[in-house]
Amino acid sequence: MAHKRSVLTPTLIVIVGFLTVCPVVMLVFGSFSTGLGAFGEFTLDKYVQAYADPELTGIIANTIIFVLGSSMVATALALLLAYLNTRTDIPFKFLFRIISIIPMMIPHILFSVSWVLLLNPSNGLINLMLRQIPGFEDIAINIYSLPGMILVEGLLDLPIAYLILAPALASFDIALEESSKVCGSTTLRTLFRVTLPVLRPAILAAFILSLVRSLASFAVPSVIGMPGRIYVLATHIYQSIATGFAADFGKAAAIGMSVLATSITLIYIYRYLTSASEKYVTISSRGYRPTVIELKGAKYPLFGVVGLLSAVLIVLPVLVLFYTSLVPYSMIPSAKAFSMMSWKHWIEVINDPISLLSLKNSVFLGVVGATLGVTLSIFVAYAIVKIRSHASGILESFSFLSFSFPGIVIGVGFMWFFVRTPLYATIWALLIGYIATYLPYGVRPLTSAFIQVHSHLEESSLVCGASAFTTMRRIVIPLLIPGIVSGWILMATMFVRELTLSVVLSRPGTEVLAVQIFRFSEDGLWGQLSALGIMMIFISTALVLLATFIGIKFKPLEEGG
Amino acid sequence: MEIHIRNVSKHYYSGGKTIKALDNVDLTIPANQIFTLLGPSGCGKTTLLRCIVGLESPDSGEIEIGGEVVWSRDKNIFVPTENRGLGMVFQTYAIWPHMNVFDNVAYPLQTRKIARDEIRRKVDKTLRFVQLEGFEKRPATKLSGGQQQRVALARALVAEPKVILFDEPLSNLDAKLREETREELRAFLTDLQITAVYVTHDRIEALALSTIVAVMNKGRIIEKGPPRDIYFNASHRFVADFIGRTNLIEAKVTAQEGPVTTVDCALGRVACRKQAAMGPGDDVTLCLRPEFIRLKRGNATQSQNVFNGKIRSLVFIGEAYEGEITVHDAPLFIKVEPDSKIEVGDSVNFTVDPENCLLVTR
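Heads up: the sequence lines are chains A and B, in that order. The working numbering applies: residue 1 is where the first sequence begins, and numbers increase by one. The working numbering applies: residue 1001 is where the second sequence begins, and numbers increase by one.
In case anyone wonders, no lab produced these hints; they're calculated from the structure. Treat the hints loosely; a few may be bogus.
Pairs of lysine-lysine, BS3-like flavour, derived with a Cα cap of 30 Å [stated by the list, open to error]:
(1) B:Lys-1142 with A:Lys-386
(2) A:Lys-360 with A:Lys-553
(3) B:Lys-1218 with A:Lys-386
(4) A:Lys-553 with B:Lys-1113
(5) A:Lys-386 with B:Lys-1020
(6) A:Lys-553 with B:Lys-1218
The following residues of chain A were derived to be distant from chain B, with all beta-carbon distances above 12 Å [to be verified]:
(7) Ile-64
(8) Leu-326
(9) Val-368
(10) Thr-470
(11) Ile-477
(12) Pro-478
(13) Glu-522
In this text, a Cβ means the ideal position worked out from N, Cα and C, and glycines have one as well.
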């Protein structure tokens, strides 16, 4: 037993270390090389080239405005929603759960596209509708702008910020507020003097995670920013490897270095904050329900805001895409539009070999990738939680590192690596890249699952006469199933919709759904894009349902009485 | 079944330091007794229990259960936990949350490949014994703390082991339930005629439950014996202090005459029960339990073992007053009946029987 364990952790460190450190190292070397073919000859040319570019200043300014703006939108909205849900008597609270989970199933690129369909200045549906109103004939609300990008990215990062803030608010010890009221403060004063300051670490953590996500974001900058000629660092990197006559991976790596460094710094600040916030936010173990604040007159207007948000986040994108997939060209919903509806775009997509290949590839990556990823996560989580040696601490840091990876930058790093191996341009290159980038999404749920399996539960099975194998089969695995299922769902949905890494690594023959959709949007083929997009949402949803079903089936007993 | 523990040692390495969890422990646990390992946290009692059940291995020594050596470094014997055939109740109960009460209790029988109706019969019998009949189909996690505790006990008993081990099984219950469960447990174990090894840091639990108490500190067994012996007749200062509230006073032996050893201490000259091992000039500790200090009002004339003092403080705790008196500036912890009229500042006197003045090594 002791022998087996001593081999496990180092093996995992090698595997996870390869997955997370390798692309970073290759990125560093790549940035000091002249090109993919001339690796290892040290040169500073690419840095000079990249950072002497006069356009860079504007791009960095755009990036800062975009990243800060969207994170503020996301955090403020998430805080409002979390507060309303946990602390007030707002009706229909089930909506909040939906808001926090469903958007994960709608790929970012489709969400961005649906906003383009609604608000592009020439024939966006909302613009077309507004122009029908007398006096507004010349209106053209332009989504292809920085505020447009900030709005869409803010909405996309809202769920993740909510998932951090909601538990923090729920575990908030109400006595802190009550004592403030006893001291004579009003509800509003208590909110600003006690509640928000105590929650500060959680709010900052949500904000910083949003920063990391929007810095890494590629869907919004590419679909909304590029047509409006607004470039941020992610699209700037993409430009140097995907447009022009020669892809310049050296320059991409040189710019990527500073994006990665920023991102890693932010994620370590985040980690520091979340470990500190455990000290800060006091959790009452008394199973005590916080008193609910009555909203009175504000109840229904506030609910209207929440309802509108959930419509905008979930219903609208799907509806717009489905509508667009049926009509021949952009037109406002009318009798004429309905008479012209057909399955034309759907049939085109089904007859398009590349779209079909991308469907097949994405399903393969989702199912096989998530299965391999979760298997690796099980071992990693086991080593982190149950072995708890110095080595498993290193393992934890490694597996956490990829949280900070901006897909496009790490894609460039992997490119430098894969080009030297037979894996280049195969689906396995994508698979390895996916697992490396999204490993924390598998490790997280499994770590908490392992923490729940108290060592006494295993030990008492041994005392009862069960062998180590029986203990594994009858005690440990059944208790882990919920963690395995949620890890699998998270990874599979991430893989099916993956864009940023794929846009770098995908080659002819290894197209995936999100990349194909991105190509459609570059070509303005909105109808086909929408048809393929709806199929993509359908596949994600099917995978989630399948995993949930299997999870329920293999769970021997859940609370009955 | 008897358990022999011979020269068992175990070390931990923590933060570059070596911690002796077990320091050459030599112990015989007699068959069919309730044997308690009592000690402060970190004294090694749980480690010893886990070595007996096989969840941890000592560094050296030998462990024998019912005539079979289950662990020996020299003979290279290690019988794994699952083959030792013991029962154990964990501090957290370790009830499996994904199983109902029946499956939890039936588990040890299922691993022993016993026929289905035999399992049902035995589980029914055991659940009746712990007064949980009718709970078979309940999810185990939906039970109260006391009921979960009984499920854990039923699971430990169902395969009829010859030895059952308890690792602080009452520490997760609230005070009132703890007292009730303690009484139940005592009744169950007395009925069963089983060797029980019980680990606790609670002295009342140890005194109330056990037939033999072994007091541990820093990885060593300091003293063992029946509860009354340990309480009234400890020979170590640590044991006397740990087993109950007491006044410990530094003293020097002045004489040994007949049944009495006389010492000088802060209270003055005190006649104590004779301790043969002590001679004049020895530095010792006088152990004077508060229940033997019976206060009377006013001052008394000086004579043997009569002391005058003054009440310093009194706190009403329900069944009594607790407080402090000073005798020649030496503070003494005392207990007074709740209906007493004594007040702070009063002069008091008390007499102690030399029989109740215990001398222990310093």
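Okay, the hints, checked on the actual structure:
For a cut-off of 30 Å, the pair hint linking Lys-1142 of chain B to Lys-386 of chain A stands: about 27 Å separates their Cα positions. At most 30 Å may separate the alpha-carbon atoms for a hinted pair to count; Lys-360 of chain A and Lys-553 of chain A meet this at roughly 27 Å. The hinted pair formed by Lys-1218 of chain B and Lys-386 of chain A meets the criterion: a straight-line CA distance of about 27 Å does not exceed 30 Å. The straight-line distance between the Cα atoms of Lys-553 of chain A and Lys-1113 of chain B is roughly 26 Å, inside the 30 Å bound, and the hint therefore holds.
For the proposed pair Lys-386 of chain A and Lys-1020 of chain B, the alpha carbon gap of about 23 Å is at most 30 Å, so the pair holds. Restraint check for Lys-553 of chain A and Lys-1218 of chain B: the C-alpha separation of about 50 Å exceeds 30 Å, so the hint is violated. With a least beta-carbon separation of about 44 Å from chain B, Ile-64 of chain A lies farther than 12 Å from that chain, consistent with its non-interface assignment. Distance check on Leu-326 of chain A: its Cβ is at least 47 Å (rounded) from any Cβ of chain B, clearing the 12 Å threshold; non-interface status holds.
No beta-carbon of chain B is positioned within 12 Å of the beta-carbon of Val-368 of chain A; the least distance is around 28 Å. The claim that Thr-470 of chain A is not at the interface with chain B is violated, since a C-beta of that chain comes within 12 Å of its own (minimum 6 Å). The claim that Ile-477 of chain A lies off the interface is violated: its Cβ sits roughly 10 Å from the closest Cβ of chain B, which falls inside the 12 Å cut-off. Not every CB of chain B lies more than 12 Å from the CB of Pro-478 of chain A, the least distance being 5 Å, so the non-interface label is violated.
Annotated as non-interface, Glu-522 of chain A keeps its C-beta farther than 12 Å from every C-beta of chain B; the closest such distance is 50 Å.
Checked against the numbered hints given earlier, this structure breaks hints 6, 10, 11, 12; the rest are met.
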